[in-house]
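Enquirer: These are the residues of each chain, in order.
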Amino acid sequence: MLNKKLFLNQKLFDHDALTKPTRDGFGEALVELGNTNKDVVVLTADLSESTRTQEFQNNFPNRFFEIGVAEQNMAAIAAGLAVSGKIPFISSYAVFSPGKNWETIRTTIVYNRANVKIAGHHAGIMTGADGATHQATEDIALTRVLPGLSVFVPCDSIEAKKIILESAQIDGPVYLRFSRDKTPIITTNKTPFEVGKPQVFWETNNPKVTIFATGYMTYNALLAAKILEQKQIEILVVNVATIKPVNESEIVELAKRSGRVVSVEDHQVMGGLGGMISEILAKNSPLPIEFIGLQDTFAESGNPKDLIKKYKMDEESIIEAVYKVIER
Amino acid sequence: MDIPTLTQEKLKDLELKANRARELVIDMLLEAGSGHSAGSLGMADIFVSLFFHILNHNPKKPNLVGRDRLILSNGHICPIYYAVLAMSGYFEISELKTLRKINSRLQGHPHRTSLPGLESTSGPLGEGISQAIGIALSGKLDRKKYHTYVIASDGEQQEGNTWEAVMFAAKHKLDNLTLIIDRNNIQIDGFTENIMPLEPLKEKYLSFNWNVIEIDGNNIKEFVESVRTAIAFTKKPTVIIANTIPGKGVSFMEKDFTWHGKSPNQEEAKKALNELRTLQGRIQSENQ
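From first to last, the protein sequence lines stand for chains A and B.
Heads up: the first sequence at position 306 corresponds to 306 in my numbering, and the numbers run straight through without jumps.
Heads up: the second sequence at position 143 corresponds to 143 in my numbering, and the numbers run straight through without jumps.
Bear in mind the hints are in silico, worked out from the structure with no lab data behind them.
No experiment lies behind these values; they were computed from the predicted model shown.
Please note that the accuracy of each hint is not assured.
[Claimed, not checked] When the alpha-carbon atoms are kept at most 25 Å apart in a straight line, the in silico SDA-like pairs for lysine to any residue are as follows:
| hint | chain 1 | residue 1 | chain 2 | residue 2 |
| --- | --- | --- | --- | --- |
| 1 | B | K173 | A | E66 |
| 2 | A | K100 | B | K101 |
| 3 | B | K140 | A | V69 |
| 4 | B | K173 | A | Y323 |
| 5 | B | K145 | A | V69 |
| 6 | B | K171 | A | K305 |
| 7 | B | K171 | A | D46 |
| 8 | A | K100 | B | M167 |
| 9 | B | K140 | A | K305 |
| 10 | B | K101 | A | K283 |
| 11 | B | K145 | A | N37 |
| 12 | B | K140 | A | S48 |
| 13 | A | K305 | A | Y323 |
| 14 | B | K140 | A | K100 |
| 15 | B | K140 | A | E32 |
[Stated by the list, open to error] Just so you have them, the derived chain B footprint on chain A, three or more residues with Cβ under 8 Å:
| hint | segment |
| --- | --- |
| 16 | 59-65 |
| 17 | 71-80 |
[To be verified] Sample of chain B residues with no beta-carbon within 12 Å of chain A, all distances over it, derived:
| hint | residue |
| --- | --- |
| 18 | K10 |
| 19 | N58 |
| 20 | S122 |
| 21 | K140 |
| 22 | Y146 |
| 23 | E193 |
| 24 | T234 |
| 25 | K235 |
| 26 | I245 |
| 27 | A269 |
| 28 | Q280 |
| 29 | I283 |
A virtual CB, placed ideally from N, CA and C, is assigned to each residue, including glycine.
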């Protein structure tokens, strides 16, 4: 059942449960930060509406910079602002930033230890109709390998807001991943958030499998858990909002509680959350793992729901993976 | 802060310092066994002018809030940068010998947080002007008086990022930013005009709404005067296209693109140092 200690949204499974895009949480948090911290500046590359930076622009026009369609320029300008004491948030689609401008981020922001927050939007196949060109499914892998870069993937708009406010407190570069569509509100304002801490959202006494999920896909994992509950199969669903730096020993402990693992993410199965979990377990406690995510392929245009089903990231596919890992 | 008048005495002093910086560059590159000779030597006059006459800076307080900022975009010519930093007193001259070696603060390409005096991390080309823009923008936001200088190579004018930055600086009328382009006409694979022509470079910048000054980059007086003009200019960023001789001061390196990314061997270094110490035969070296 939903972990009572975390004050999660009890109406989560209702048919009229609240939904909101995680990027909305980003926009709201930026305005809040704008009010409380005069060093916060925002840069966008011709995507202010869809990356939700317009409210900040309206409220703080002098601290908002429209860079135009130039993501490399945006990253390096932000680096310059950061070494001069500002806290820049740069905002674009994840395919372009950190996709197109990856080396600029590597050199001028991460290696340079510049205090820049990189917001990558429209991540995952959830982006839908725009097609594979605009669906960033490699960005966790791209960012996770950069030394000293923190990586966060919020599961809903409320967690997104908390993470953004927290990221401004981190003295160093951060990557933040957002998705386009409305997704269910899983947490509440009372749900605690702690950098690095994986949180058990679905708790059981004798779990057979531990699901590690990230981003809005945590909801699909919770749906799977609920269906499995009716079949008397107990599992854990762990929301991993911090990809880096993660508390490794807690990941190991949670995996060992069941002895079997399924990773769930809207990202390539290589190099993302599943990769991170595998590396940690291989070092500490090798366990069987099944991977839910994009299976080394590009997706296509379509309705997000249809895409999630076709590319086997829906609750049915997660349940299949749970059965499969139990049989191994 | 205003740039002081350049007296004959000061000019002579700067010329001798530039020669000394060139000697240090040769010493460093010989010791390192790899590195970029031509650009480092070609830019000695400009670096020395900046650090010993133009910049408002304090080697004892490298993080001074109001200091002028210098960003080196083409990080590969860092030997000359390191040489003038050491000569200015940011660190000991003896440390120059650690260039490119393990456990050194003098990385093969500059790393901001490794060494006092560095304002950016650079090497991958085309990124310096953007970083300088961020620093200049921050200065405008905070109404600080510092001036931001950025040195870029001519080869990196081929990078798309350069022109993204050039557009932005004009849009924001960054008159607290001065770009100095080392127009030495060479890059690793050959002459710029054969690899990917840049001309007409001056007209390119004019059409992007920049103030453009073209000078002899190995003439200290001309350079100092061009900077004086640049910082007085308002409502536009200024680019100083500095025509330099790659390898300047060492006859067999001058204008030869093969010296772009090469360091001298023992024999070549000896010959180079002899030329520098005798000011190309004009005076006698104490070692002769």
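Enquirer: With reference to the structure, classify each hint as holding or not holding.
Expert: Structure-based check of all given hints:
no., hint, result
1, K173/B <-> E66/A, "14 Å, holds"
2, K100/A <-> K101/B, "32 Å, violated"
3, K140/B <-> V69/A, "23 Å, holds"
4, K173/B <-> Y323/A, "63 Å, violated"
5, K145/B <-> V69/A, "30 Å, violated"
6, K171/B <-> K305/A, "43 Å, violated"
7, K171/B <-> D46/A, "15 Å, holds"
8, K100/A <-> M167/B, "19 Å, holds"
9, K140/B <-> K305/A, "47 Å, violated"
10, K101/B <-> K283/A, "33 Å, violated"
11, K145/B <-> N37/A, "23 Å, holds"
12, K140/B <-> S48/A, "23 Å, holds"
13, K305/A <-> Y323/A, "23 Å, holds"
14, K140/B <-> K100/A, "29 Å, violated"
15, K140/B <-> E32/A, "24 Å, holds"
16, 59-65, "holds (count 3)"
17, 71-80, "holds (count 8)"
18, K10, "31 Å, holds"
19, N58, "17 Å, holds"
20, S122, "7 Å, violated"
21, K140, "10 Å, violated"
22, Y146, "9 Å, violated"
23, E193, "25 Å, holds"
24, T234, "20 Å, holds"
25, K235, "18 Å, holds"
26, I245, "29 Å, holds"
27, A269, "31 Å, holds"
28, Q280, "38 Å, holds"
29, I283, "43 Å, holds"
The structure shown violates the earlier hints numbered 2, 4, 5, 6, 9, 10, 14, 20, 21, 22.
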